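> Please work from the sequences and hints to get the whole structure.
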Amino acid sequence: AQTVTQSQPEMSVQEAETVTLSCTYDTSESDYYLFWYKQPPSRQMILVIRQEAYKQQNATENRFSVNFQKAAKSFSLKISDSQLGDAAMYFCAYRRERGSTLGRLYFGRGTQLTVWP
Amino acid sequence: KAGVTQTPRYLIKTRGQQVTLSCSPISGHRSVSWYQQTPGQGLQFLFEYFSETQRNKGNFPGRFSGRQFSNSRSEMNVSTLELGDSALYLCASSLGTIVGIYNEQFFGPGTRLTVL
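Protein chains in written order, with the numbering used here: chain A, 11 to 127; chain B, 3 to 118.
If you're looking for bench data, these hints aren't it; they were derived computationally from the structure. Bear in mind the structure is a predicted one, so any value in this text is a computation, not a measurement. Ideal Cβ positions, reconstructed from N, Cα and C, are used throughout, including at glycine. Please note that the accuracy of each hint is not assured.
What the hints assert, rightly or not - Simulated DEER-style distance windows between Cβ atoms: (1) A:K80 to B:G98: 20 to 30 Å; (2) B:T116 to A:W126: 30 to 40 Å; (3) B:S53 to A:S90: 37 to 47 Å.
Have a look at this one:
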């Protein structure tokens, strides 16, 4: 079964600084997607960034970038120039690219990010 | 384009009652997935529907059921409510998960269910 582990329940960062959130996962598949979702206090789940496993290049979206290490099954999120609006719970998630459960997301337990002014 | 909508947003029930939650996907989306979010268990997959057919099911008891209508709207039902069913129930819609094609899943705002 696919498992996603986030070892940091809480993280904090000063505004304008950089923070990295960690995620590891376990799978026997070779084709899959990895995601970082943000859930602010409104509870609306928002996709931050995704990575296709077959792509060697790390995904970037403005201030958000990932460090994808396929062999190590590691997928960290770096937030640069942190802003107060980045404060939220961040979830790492996995989704298979093929097979009977390909529509299902497997989530980690989340990392609560606090941003200090 | 309107986003995913869930109704009601908040619900209070008592043990033993049943409840029905509704999810309206983004127009044109045919896949709807449901997730339960609790502080203790985190985010857990309930089921996924595609074109009125249940395609995937998570490890929940038979008290949890769902269905999807021809307009892709989905409902989930929980019978004989227990205190532990108190949770945020999220649904997500997408065009459909197809091998080799990425379709983003968009989440609704959730329904907060409290069981007393």
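> So, for every hint listed, does it hold in this structure?
Hints, one by one, checked against the model:
no., hint, verdict
1, A:K80 to B:G98: 20 to 30 Å, "holds, 26 Å"
2, B:T116 to A:W126: 30 to 40 Å, "holds, 32 Å"
3, B:S53 to A:S90: 37 to 47 Å, "holds, 42 Å"
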